[in-house]
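Please take these sequences and the hints and turn them into a complete structure.
Number of protein chains: 8
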Amino acid sequence: MKHEDLHRLLCDVACGRQSADSAERMLSGSGFTDLEFAKVDLARKQRNGYPEVIYAEGKTSSQIIGIIDAMREETVNILCTRLSSEKFAAIKAAEPDAVYYELARCALINRADVVQTDSYIAIVTAGTSDIPVAEEAAVTAEAYGNRVARVYDVGVAGIHRLFARLDVIRGAKVVIVIAGMEGALASVVGGLIDKPLIAVPTSVGYGANLKGITALLAMLNSCASGVTVVNIDNGFGAAYSASIMNHL
Amino acid sequence: MKHEDLHRLLCDVACGRQSADSAERMLSGSGFTDLEFAKVDLARKQRNGYPEVIYAEGKTSSQIIGIIDAMREETVNILCTRLSSEKFAAIKAAEPDAVYYELARCALINRADVVQTDSYIAIVTAGTSDIPVAEEAAVTAEAYGNRVARVYDVGVAGIHRLFARLDVIRGAKVVIVIAGMEGALASVVGGLIDKPLIAVPTSVGYGANLKGITALLAMLNSCASGVTVVNIDNGFGAAYSASIMNHL
Amino acid sequence: MKHEDLHRLLCDVACGRQSADSAERMLSGSGFTDLEFAKVDLARKQRNGYPEVIYAEGKTSSQIIGIIDAMREETVNILCTRLSSEKFAAIKAAEPDAVYYELARCALINRADVVQTDSYIAIVTAGTSDIPVAEEAAVTAEAYGNRVARVYDVGVAGIHRLFARLDVIRGAKVVIVIAGMEGALASVVGGLIDKPLIAVPTSVGYGANLKGITALLAMLNSCASGVTVVNIDNGFGAAYSASIMNHL
Amino acid sequence: MKHEDLHRLLCDVACGRQSADSAERMLSGSGFTDLEFAKVDLARKQRNGYPEVIYAEGKTSSQIIGIIDAMREETVNILCTRLSSEKFAAIKAAEPDAVYYELARCALINRADVVQTDSYIAIVTAGTSDIPVAEEAAVTAEAYGNRVARVYDVGVAGIHRLFARLDVIRGAKVVIVIAGMEGALASVVGGLIDKPLIAVPTSVGYGANLKGITALLAMLNSCASGVTVVNIDNGFGAAYSASIMNHL
Amino acid sequence: MKHEDLHRLLCDVACGRQSADSAERMLSGSGFTDLEFAKVDLARKQRNGYPEVIYAEGKTSSQIIGIIDAMREETVNILCTRLSSEKFAAIKAAEPDAVYYELARCALINRADVVQTDSYIAIVTAGTSDIPVAEEAAVTAEAYGNRVARVYDVGVAGIHRLFARLDVIRGAKVVIVIAGMEGALASVVGGLIDKPLIAVPTSVGYGANLKGITALLAMLNSCASGVTVVNIDNGFGAAYSASIMNHL
Amino acid sequence: MKHEDLHRLLCDVACGRQSADSAERMLSGSGFTDLEFAKVDLARKQRNGYPEVIYAEGKTSSQIIGIIDAMREETVNILCTRLSSEKFAAIKAAEPDAVYYELARCALINRADVVQTDSYIAIVTAGTSDIPVAEEAAVTAEAYGNRVARVYDVGVAGIHRLFARLDVIRGAKVVIVIAGMEGALASVVGGLIDKPLIAVPTSVGYGANLKGITALLAMLNSCASGVTVVNIDNGFGAAYSASIMNHL
Amino acid sequence: MKHEDLHRLLCDVACGRQSADSAERMLSGSGFTDLEFAKVDLARKQRNGYPEVIYAEGKTSSQIIGIIDAMREETVNILCTRLSSEKFAAIKAAEPDAVYYELARCALINRADVVQTDSYIAIVTAGTSDIPVAEEAAVTAEAYGNRVARVYDVGVAGIHRLFARLDVIRGAKVVIVIAGMEGALASVVGGLIDKPLIAVPTSVGYGANLKGITALLAMLNSCASGVTVVNIDNGFGAAYSASIMNHL
Amino acid sequence: MKHEDLHRLLCDVACGRQSADSAERMLSGSGFTDLEFAKVDLARKQRNGYPEVIYAEGKTSSQIIGIIDAMREETVNILCTRLSSEKFAAIKAAEPDAVYYELARCALINRADVVQTDSYIAIVTAGTSDIPVAEEAAVTAEAYGNRVARVYDVGVAGIHRLFARLDVIRGAKVVIVIAGMEGALASVVGGLIDKPLIAVPTSVGYGANLKGITALLAMLNSCASGVTVVNIDNGFGAAYSASIMNHL
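Protein chains in written order, with my numbering: chain Z, 1 to 248; chain X, 1 to 248; chain E, 1 to 248; chain A, 1 to 248; chain D, 1 to 248; chain H, 1 to 248; chain R, 1 to 248; chain F, 1 to 248.
Just to be clear, a hint being listed does not mean it is correct.
Taking lysine-lysine and the DSS-like style, the derived pairs with C-alpha atoms no more than 30 Å apart in a straight line are [stated by the list, open to error]:
id: 1; chain 1: A; residue 1: Lys-173; chain 2: Z; residue 2: Lys-173
id: 2; chain 1: Z; residue 1: Lys-211; chain 2: D; residue 2: Lys-45
id: 3; chain 1: A; residue 1: Lys-211; chain 2: E; residue 2: Lys-211
id: 4; chain 1: X; residue 1: Lys-87; chain 2: X; residue 2: Lys-211
id: 5; chain 1: A; residue 1: Lys-211; chain 2: H; residue 2: Lys-211
id: 6; chain 1: H; residue 1: Lys-211; chain 2: E; residue 2: Lys-211
id: 7; chain 1: F; residue 1: Lys-173; chain 2: X; residue 2: Lys-211
id: 8; chain 1: D; residue 1: Lys-92; chain 2: D; residue 2: Lys-45
id: 9; chain 1: R; residue 1: Lys-211; chain 2: Z; residue 2: Lys-211
id: 10; chain 1: X; residue 1: Lys-173; chain 2: E; residue 2: Lys-173
id: 11; chain 1: E; residue 1: Lys-173; chain 2: X; residue 2: Lys-45
id: 12; chain 1: D; residue 1: Lys-211; chain 2: F; residue 2: Lys-92
id: 13; chain 1: R; residue 1: Lys-211; chain 2: A; residue 2: Lys-211
id: 14; chain 1: A; residue 1: Lys-45; chain 2: A; residue 2: Lys-211
id: 15; chain 1: H; residue 1: Lys-211; chain 2: R; residue 2: Lys-173
id: 16; chain 1: H; residue 1: Lys-45; chain 2: F; residue 2: Lys-211
id: 17; chain 1: X; residue 1: Lys-173; chain 2: X; residue 2: Lys-45
id: 18; chain 1: R; residue 1: Lys-45; chain 2: R; residue 2: Lys-92
id: 19; chain 1: D; residue 1: Lys-173; chain 2: R; residue 2: Lys-173
id: 20; chain 1: E; residue 1: Lys-211; chain 2: E; residue 2: Lys-45
id: 21; chain 1: F; residue 1: Lys-211; chain 2: Z; residue 2: Lys-211
id: 22; chain 1: D; residue 1: Lys-211; chain 2: A; residue 2: Lys-211
id: 23; chain 1: H; residue 1: Lys-87; chain 2: H; residue 2: Lys-45
id: 24; chain 1: A; residue 1: Lys-211; chain 2: F; residue 2: Lys-211
id: 25; chain 1: X; residue 1: Lys-87; chain 2: D; residue 2: Lys-211
id: 26; chain 1: A; residue 1: Lys-92; chain 2: A; residue 2: Lys-45
id: 27; chain 1: F; residue 1: Lys-92; chain 2: F; residue 2: Lys-45
id: 28; chain 1: R; residue 1: Lys-45; chain 2: R; residue 2: Lys-173
To be clear, the hints were calculated from the coordinates, so they are not data collected in a lab.
Spelled out as structure tokens, the structure:
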């Protein structure tokens, strides 16, 4: 609750425009629907700019459907991430307007067109195997009203591919760099642009790659400034942050 | 064997009320049934306040049945944790009164009502995906005669949900906080209550979550005082300790 | 702010007993003194049962003195932990009533007698080298009004020493077990008592001890139930939790 | 070199406005001064928006002076980070206009006023011990022309302190959250704002804190969306990225 | 080749009792059969006291059969460890005298009675779930002519079970202690005996158990002296070493 | 683009032999085929001496086929590594000349004889279980025109097997040593030869082997000089480097 | 207390030869001297074959002196390990017969000749830098009445040095192998002998050596059978176990 | 001993040209000088192409002098690495011709000109702080008769500096790339050359750099082929291997 809202609320109570009881509810309990297994956060959009997102891992299909139903009235483009195709099938039966993005392992429900930004987010990958993470980012960014430019497979082993697409990258307002193995692409791109760069390590690789820990550590130690980092394979999180920045 | 028991035993021997042989047996070997593959600890309730609990992982169904049979005479509410539904099916055939708690992956055998506490244990989770661990805790706590209040899905991403249920949490005699990912809920609750808080990290998350190690480390470093921690996903252990505290 | 307090506050505003402005201050900003470099939490005792404790590491002597001065009026037995003797000398000059506990590396300022519990906390160590951590726990527990029983150097390499003091341990309402190296003492004691056991791993040892990580991991995996764990060398935290339990 | 610059350069060569030789130099070797031990990157401001920053660790004082001299002509507010007071003394002798920020362990050389943003960056710390990292961030941000609001010591152990300053935090265009121990503050703030949040883990803490790894991991796994992370104690890097965002 | 053998060989060559060619073969290449995919070490028994053992993991059934065939002529009680029941079925078809030990996941081929020691090896486990590792040790020890005493499920959570069997353990010439979770049993037994103790950590447990790393680290840091350690789940290796010691 | 090529290109533009537009294309975008999901690097052979290699993990069969089709015109012996037999079946249907090396999990497409070196690469393994990695190396080396000598199963547990084949190893121009478990073979061979040695740790082993990390660390700390190391199980990478050295 | 002793004690009580009180004391508290800061274990020699050893790290000089005084009456060759020369100076003042072994960082107090074994323990090091650990082992073994053969600096980088001393190694009853870096010497020696081998990893090395963890892991994964391992730099522990074996 | 040498030796014995005794010495013990604390390997040059190198860490000055004296007669350019200036002062007194390379922390004794290669080794660093490791490599390479080209401070944050020196790098026969932080330079250079590349991670950096582990892991996972890796800060080892390759 914002400072001015609080002030107004208390004034309303003071002058009798509102009962103490209802103010109490607003101050101490409003803003979510309680499904017992979940407390759906209906105030998130107001607070954070975007509605709650459903993280499907570890939730049953019926729990996910319950959450969707609680959100549907107030929310368009309900995003559900880390969703297996099996769970999606069950959800589709209950929510016929749900659309699945297979590469991205995401679904959108109650879809609606949202205003698109003029500026765009560049989503850059080092390799072909990083594309699923990139698509999770792209679906998220588009659902939040961002234009997206995909620049895939421009890793440093063939750095001329990167230079050939540098104009697209430099033209973006925010850049997401997605790479596994040693994650060097983040540093190289970081040294060439003057925009915010969000680095996403992926679990692509084997052995001393440690399921993405190596790329994560490398990105955190980037010799290029201006690089911030999110969790391994977290395409959603990168796009969420990028969308905030793209709307600044 | 307690000091006073030892004293009495030795006096009994000294004055002939008991033979040296039987005293020796009591001192050096009593208190369990030897099944070769297991030495069922029948003295545990007397020593620790609660009977032995059967940890099913790594045991065969027939081993588990053997242990149950050895315990049944002296023990009600035999608790079996980390039990798959497959193994339970085999056990149910031999122990028809066995009841399975699917979410909790626990079974109770030889169930009986036990005296319930007036005070209660609050079991609080950060998310919906943490519920299986919470239910393991709840089943355990209830089997040991504790009232339980479930407060699920009040993680800090929507902290107003927590404040809305703070009264329930503050009313408890002991609080269990269960969270995966970064486990921040333990610190936040810890800063708001004046009762013992047992934190349970869960393996919910991915990537740099390291299967729960991140939440575990975070809880161990809580800036709030009064937080103690158990192993990852160890709902049982948290409830066991909480039950001891709730009965103080 | 408790539910009933909130209710009352809002009623007071509603019926004019209090202005909206003062209520706003209470709701959104009260409860601390702002020193710029620190916001001293004066509401902690009311919220958590104990006042704020000063963690000296990373703070300058003058910052610590500033915090003490802000607390002194409302707080007795101001506890300052992880305090080097060099910093204490500087503090002593400004706060002449400060007392230093060298082994424990703690200071108490504005000391006062507090009501002592009848029940006591047993503080048990595996070795002589664990005593500094044990003393941090003991000073904390005593400052908070607990009786303490010290049982030092009863590690499992000579387990008869433990059995010889088992009566003292079993007589406690709460037991703190402090051990480095492999930390086995926690499990052994845990198997012999029916009270809450808080295990404190210490950094005593070398090589594969990993500065206490080994004892920490071992305690988290205790085969005995009823064991909860705090951070490495965190004698203060163990005593804080133990004091809450001892006052239940 | 930007696409349009490359195009223009080649046209110039084609039509004889520029020799092939000079074009070659521009394409393959321009943009730095070679001091043998360092190749000072004079094109960085043009490429990244900000001039090269001198990371003092592992460099000798005379190397640092050499780099400053190479930069001085073209750069104002030359920033030197991770600089000990000993090295600064040596530098001050050669560069009399150098100014040292002791808490931040930074120096500025060839200082000049730069245009300040209207919007501001909020720099928030969990504790007093995190202030050195915060000041590194603040000095950097101010050198780059950003207004800064400092909100120190509002960690979740006393969460009302945070709520009392929430207006300041919500008013910022970019928020930097700096925390050691379990780093929970990042998630809590992340759940309350709709602006980019850059989380900086610090090495404040001990034991299972693992010199900041715990806070780092926790922040990477934040349950709140919109959080990106930089290296442990990297106040500079956070401020660099924040400045880019604040100037979007 | 032993010193005296070398001396004799060279004398034989010097005085013409043996050709230089055959001596060269003996010095540089004898002692194994080359199957291309394996060089079966037929000299191992002479060198190490025991014949080569077949580690089945990562080998195909036909490779294993080839190695058995190469060994059969010179070796009785060919031991094959870490052998799945699927692979055993294929081997049994080719080697009809092969016998499978299911719990131990071992096979013996070309079985023969060997002289048994008078002294025995005690194999002690903390729990029922450790029995597979214990049986690998027992099968190995028996194949090498050792008497074995099994003492299973005497972990420290019910330490009276251990004391009840202490006589059997103290009567052994060598003791193997097998435990997962926190591995405390090794230290406790180590403090009670005056014979060599070989500790085997097992992967029994979950979460912060780290697949046996915790028990491994704990055993390496045992506060009891006289404890040496082998790899996680390495029942074979413990029995091999124990057999050498039992035959001293 | 090499320095002299750049010079020539710019001269050509200057004197009108080439348009600025086409030069721009060459400087900023040539050298690959863009398939959207992949940018096939057709300049790699010219730049690195060998064409791009297809790393199959994380790529779909149809993506792999697309890449092969883009490469086929200009490349013989297209190598595809880490290819499952399932994916190969799909590829074989589209690329009938593809040949699968089952042990090596590699395929070659558009095969052609290449000039073979006189000197050879020795590929040495510690055990039979290391052979799949060795065969990946051997297939790679042979595809690049190297003679190969295989020396398998000469680990240090039976070191006479190594000495018996030392002549073959010493005769090589480059030596690849492949070992799991403790990886000691690399150091022993390193101490006996005067040629470059590339060590490949494998994931063969269990428990404290940590999926090959132990062998990797051991090889990086070899007390023998002249040992360089590649990633765990990276037979391809070792052979690639060895081939470069063998062609020096 | 041994079984037969317990039996006898209880009979004595039963027939009045001993009072219940004194029996109780023997059963529950005998066998140590309580100095408050230490409970000196005077029964250890009887139980484990060797008296308690004083681990000096983390103990003050006066604590050490107190322990020595408590032991002196019953113990010869009191061993104090990990003792700095500074602490020794303080001890020497109080215990004039104390002798310091500088390389080994050990002291012996109340020295006396003990019966020496005919068989000997070979102590083998890979390098010169491992000698301090080797000397800790040698001093310990000699104090316990073992003959010792030192074979230093025979690491595998120059394996002919090892073969030149193989006779000495093979002639021992027990072999201790001490190595840092990659620890390969343990496996090589293990493949050449038929006696118990205790491997001691040392912290000699840098970087990926991880302060001895690499050698530790390597030794635990030795491809040679018959190798057991102790903690990093634990020369004392290796010699203690070796002495038990040498006296079998 | 080479195969043909062995053959010849045995023939000599067979025909009486050599006694069995002297042959035995040659086979089992020749090739080193035994100083008790060190067995100086005088056969290393013959076996490995280069004489033994003295690793100074963990050795006393007098031990180092002893080894130098044992080597001096047969060896020129005795190299001593990881040598502090304090130890060098003591050595200089005994070995007046010793020369110290301060940046490299190396000394050369008994210096002599050796034949220089025509081809050269390029030593490339990412930053100025990596120069000490680079100089260790350069001193080593030059002592072994290699021409060296130093290319310092061309890290990817300013990648145009690298391209400006690419000709020098591409002209080398072997390339050493030295980088700390995220180590990305190795991958970028690896993608641009067709010669062997040896990557040296350095401990330059802080926090999640983990003292060089991050750069090490990154280099092992390089997406560019042809990269092999040595231990952190191991400039010597890289140069040793590079020298072997440069002399192929």
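To see whether the hints hold, each was checked on the structure:
no. : hint                  : in the structure
1   : A:Lys-173 - Z:Lys-173 : holds (16 Å)
2   : Z:Lys-211 - D:Lys-45  : violated (42 Å)
3   : A:Lys-211 - E:Lys-211 : holds (12 Å)
4   : X:Lys-87 - X:Lys-211  : holds (25 Å)
5   : A:Lys-211 - H:Lys-211 : holds (26 Å)
6   : H:Lys-211 - E:Lys-211 : holds (25 Å)
7   : F:Lys-173 - X:Lys-211 : violated (46 Å)
8   : D:Lys-92 - D:Lys-45   : holds (25 Å)
9   : R:Lys-211 - Z:Lys-211 : holds (25 Å)
10  : X:Lys-173 - E:Lys-173 : holds (16 Å)
11  : E:Lys-173 - X:Lys-45  : holds (18 Å)
12  : D:Lys-211 - F:Lys-92  : violated (52 Å)
13  : R:Lys-211 - A:Lys-211 : holds (17 Å)
14  : A:Lys-45 - A:Lys-211  : violated (33 Å)
15  : H:Lys-211 - R:Lys-173 : violated (35 Å)
16  : H:Lys-45 - F:Lys-211  : violated (36 Å)
17  : X:Lys-173 - X:Lys-45  : holds (23 Å)
18  : R:Lys-45 - R:Lys-92   : holds (25 Å)
19  : D:Lys-173 - R:Lys-173 : holds (16 Å)
20  : E:Lys-211 - E:Lys-45  : violated (33 Å)
21  : F:Lys-211 - Z:Lys-211 : holds (21 Å)
22  : D:Lys-211 - A:Lys-211 : holds (25 Å)
23  : H:Lys-87 - H:Lys-45   : holds (26 Å)
24  : A:Lys-211 - F:Lys-211 : holds (12 Å)
25  : X:Lys-87 - D:Lys-211  : holds (22 Å)
26  : A:Lys-92 - A:Lys-45   : holds (25 Å)
27  : F:Lys-92 - F:Lys-45   : holds (25 Å)
28  : R:Lys-45 - R:Lys-173  : holds (23 Å)
Checked against the numbered hints above, the structure violates hints 2, 7, 12, 14, 15, 16, 20; every other hint is satisfied.
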